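> Protein chains in written order, with my numbering: chain A, 1 to 348; chain B, 1 to 348.
These aren't lab readings, by the way, just hints derived from the structure by calculation.
This one's a predicted model, so the numbers in the text were calculated from it and none came from an experiment.
Worth double-checking, as some hints may not be accurate.
Repeated chains share a single entry, so a pair holds when one copy, or any two copies, can fit it.
To be verified - Below, in silico cross-link-like pairs of lysine-lysine (DSS-like), each with a Cα-Cα straight-line distance of 25 Å or less:
hint: 1; residue 1: Lys145; residue 2: Lys6
hint: 2; residue 1: Lys76; residue 2: Lys34
hint: 3; residue 1: Lys22; residue 2: Lys76
hint: 4; residue 1: Lys76; residue 2: Lys63
hint: 5; residue 1: Lys28; residue 2: Lys6
hint: 6; residue 1: Lys22; residue 2: Lys34
hint: 7; residue 1: Lys35; residue 2: Lys140
hint: 8; residue 1: Lys22; residue 2: Lys6
hint: 9; residue 1: Lys237; residue 2: Lys122
hint: 10; residue 1: Lys192; residue 2: Lys252
hint: 11; residue 1: Lys35; residue 2: Lys76
hint: 12; residue 1: Lys22; residue 2: Lys35
hint: 13; residue 1: Lys122; residue 2: Lys270
Number of protein chains: 2
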Amino acid sequence: MSEWRKDPIVDRWVIIATERGKRPFDYKEIVEEKKAGACPLCPGNEGQTPPEIMAFREVGSEKDTPGWWVRVVPNKFPAVMVEAQPFLRQRGIYSVMNGTGAHEVIVESTLHEPGLDSQTEKQVEEVIWAWRDRSLDLRKDPRLKYIQIFKNTGSAAGASLEHTHSQLIATPLVPAEIRQEMEGMREYWIRKGSCVMCDVIRQELAERERVVIDGRHFLVFAPFASRFPFETWLVPKEHQHDFGQIREEQVKDLASALRAVLRKMSVMIKNIPYNMVLHTAPVNCPEDRHYHWHLKILPRLTVMAGFELGTGYYINPTPPELAAHALRETQEVYPLHERPLTEVHRYV
Amino acid sequence: MSEWRKDPIVDRWVIIATERGKRPFDYKEIVEEKKAGACPLCPGNEGQTPPEIMAFREVGSEKDTPGWWVRVVPNKFPAVMVEAQPFLRQRGIYSVMNGTGAHEVIVESTLHEPGLDSQTEKQVEEVIWAWRDRSLDLRKDPRLKYIQIFKNTGSAAGASLEHTHSQLIATPLVPAEIRQEMEGMREYWIRKGSCVMCDVIRQELAERERVVIDGRHFLVFAPFASRFPFETWLVPKEHQHDFGQIREEQVKDLASALRAVLRKMSVMIKNIPYNMVLHTAPVNCPEDRHYHWHLKILPRLTVMAGFELGTGYYINPTPPELAAHALRETQEVYPLHERPLTEVHRYV
Numbered sequence: 001m002s003e004w005r006k007d008p009i010v011d012r013w014v015i016i017a018t019e020r021g022k023r024p025f026d027y028k029e030i031v032e033e034k035k036a037g038a039c040p041l042c043p044g045n046e047g048q049t050p051p052e053i054m055a056f057r058e059v060g061s062e063k064d065t066p067g068w069w070v071r072v073v074p075n076k077f078p079a080v081m082v083e084a085q086p087f088l089r090q091r092g093i094y095s096v097m098n099g100t101g102a103h104e105v106i107v108e109s110t111l112h113e114p115g116l117d118s119q120t121e122k123q124v125e126e127v128i129w130a131w132r133d134r135s136l137d138l139r140k141d142p143r144l145k146y147i148q149i150f151k152n153t154g155s156a157a158g159a160s161l162e163h164t165h166s167q168l169i170a171t172p173l174v175p176a177e178i179r180q181e182m183e184g185m186r187e188y189w190i191r192k193g194s195c196v197m198c199d200v201i202r203q204e205l206a207e208r209e210r211v212v213i214d215g216r217h218f219l220v221f222a223p224f225a226s227r228f229p230f231e232t233w234l235v236p237k238e239h240q241h242d243f244g245q246i247r248e249e250q251v252k253d254l255a256s257a258l259r260a261v262l263r264k265m266s267v268m269i270k271n272i273p274y275n276m277v278l279h280t281a282p283v284n285c286p287e288d289r290h291y292h293w294h295l296k297i298l299p300r301l302t303v304m305a306g307f308e309l310g311t312g313y314y315i316n317p318t319p320p321e322l323a324a325h326a327l328r329e330t331q332e333v334y335p336l337h338e339r340p341l342t343e344v345h346r347y348v
Numbered sequence: 001m002s003e004w005r006k007d008p009i010v011d012r013w014v015i016i017a018t019e020r021g022k023r024p025f026d027y028k029e030i031v032e033e034k035k036a037g038a039c040p041l042c043p044g045n046e047g048q049t050p051p052e053i054m055a056f057r058e059v060g061s062e063k064d065t066p067g068w069w070v071r072v073v074p075n076k077f078p079a080v081m082v083e084a085q086p087f088l089r090q091r092g093i094y095s096v097m098n099g100t101g102a103h104e105v106i107v108e109s110t111l112h113e114p115g116l117d118s119q120t121e122k123q124v125e126e127v128i129w130a131w132r133d134r135s136l137d138l139r140k141d142p143r144l145k146y147i148q149i150f151k152n153t154g155s156a157a158g159a160s161l162e163h164t165h166s167q168l169i170a171t172p173l174v175p176a177e178i179r180q181e182m183e184g185m186r187e188y189w190i191r192k193g194s195c196v197m198c199d200v201i202r203q204e205l206a207e208r209e210r211v212v213i214d215g216r217h218f219l220v221f222a223p224f225a226s227r228f229p230f231e232t233w234l235v236p237k238e239h240q241h242d243f244g245q246i247r248e249e250q251v252k253d254l255a256s257a258l259r260a261v262l263r264k265m266s267v268m269i270k271n272i273p274y275n276m277v278l279h280t281a282p283v284n285c286p287e288d289r290h291y292h293w294h295l296k297i298l299p300r301l302t303v304m305a306g307f308e309l310g311t312g313y314y315i316n317p318t319p320p321e322l323a324a325h326a327l328r329e330t331q332e333v334y335p336l337h338e339r340p341l342t343e344v345h346r347y348v
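Next up, chain A with everything else stripped away, as it sits in the complex (with noise of 0.2 Å):
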């Protein structure tokens, strides 16, 4: 029988359809077209995209030339803009605001691969350290209070371009969502003591049918209320409310198991299409310790149709057990372009 199953953190039901089930092994593979033309993410394109903002290379190596590994750049068509003041001021009724924010591309890795599965686990941390250096910086603008990073890949899940790289949209507003897991957050710490988020570790710890890795800093599992087939959230064990406070050992760990996770979703369902969303507390606001920044990676196997729109509620066809179990009995197997990296240096 279906259930109805809600979110702790958030006012959020999830049908999980057992009479429209799809077990793990139903789904096929993705067929997707390849891209004519050059990529302009690639090494020795450069040109063709704005001057970088940032990117970890090669000592002696040129700005906007190859030599990097990890870069950095504006969004070519930006959906906001840091030029914008953010002034609020009302049309009759609405209110409305300048396109004030950040948009940033992360190319992340000089190989032309779709996923952050097949690049080397040191090149997926030096991925997050990038992150964490785009989200120290952002917050030293005082009118931006969010920084959204986040990761499309495949068609389905609407990325333009092939070439692996994430994206960062740093917003004058703290999102809804944030603010709907917050407030979540706030109210289950002042009703029980404790922290929505570390009570769900130790129950995933206790129960483990929906634990992916367990790893030393990280957790990685199904939620019980998964909205979509194989959801996962990345968790940092530790209560820590501040992706930018992440340390060099938690880096290490959190590429790995992301890398794995990602590499198992992609032996078991060829092309998956994905996003993925870091949730962390906002900026240049009084500091919210309730909150328990995460990870979450949400395929894009369904589609999100009118029930999902006209409530916000979803119908999951795969129970996020069985999710876990096909993920966790899925082996790892990487592609044989392992190249080490020259000379990272990185200044924590």
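Following the hints, position chain B against chain A.
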């Protein structure tokens, strides 16, 4: 320059992104693959669906045989079921409930066509009456608190059958989206002494640039903070909280407006995929007369990606003013198979 626009009812901001702007006529026709095999919703194939719940049919014709012009059946793969009791229980910190509810399919016509816009105006009226009748019938079950009527057209919008149909999921909970709208409308009323949707109508009629059809009983317009290109709302001009109270002259006007705007969309972008959601006040709860019911058409020409899923905010590349202008200018051309209905009898 891009703009952040706030929805007047809920906490939802939309970036109207002119930099990545797509003019209305930049959108191309959508190619839909023809589905193979017999259609379970076509007349003659009544045996392929579960037994009908109700139908508008010719006098003397038998249940589950041809002779109907609108037919309502249970979903063959229901997400929820009336048989289940909504018993809430805890599993550790998680809340879970049996999959109570109703999940029905409204077969909107005998014609195997994808949209309501290929139907006669009279036929669209009949569909609206069927929605109303099911809404009045289902609320007799006191366990059900909300009746979500929706329609998915095109595969990008999650439709799995071509034959024009809508769906209904009745839930034992008031969905988050509705609760947020209720709160927004109630707060506005307390603060300003009027209904925000009535004020939206007033401002739209004064400004006119987002109006698509100014009907006698319904206003059809592109909302100020449109999340999707060509998003269109159909709102009753008089304050009415409950769709179940719709009157005959309103049904006629809504049918005419709905068919016309869908036709305009189809003429402009062939096979435009869209979701339609009917938002109305909950049932079997203290009546909320602050609510103002409405119908939203949400075209799916863009992909909801990491930013949308991470923040709950949206990027819309087509300003609603341009969308409304293009829809106003587009002539409705109807296909040729206008066919009179045989003996429509209706008990209002």
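> Of the numbered hints stated previously, which ones are contradicted by the structure, given in increasing order?
Hints 5, 7, 10 contradicted; others consistent.
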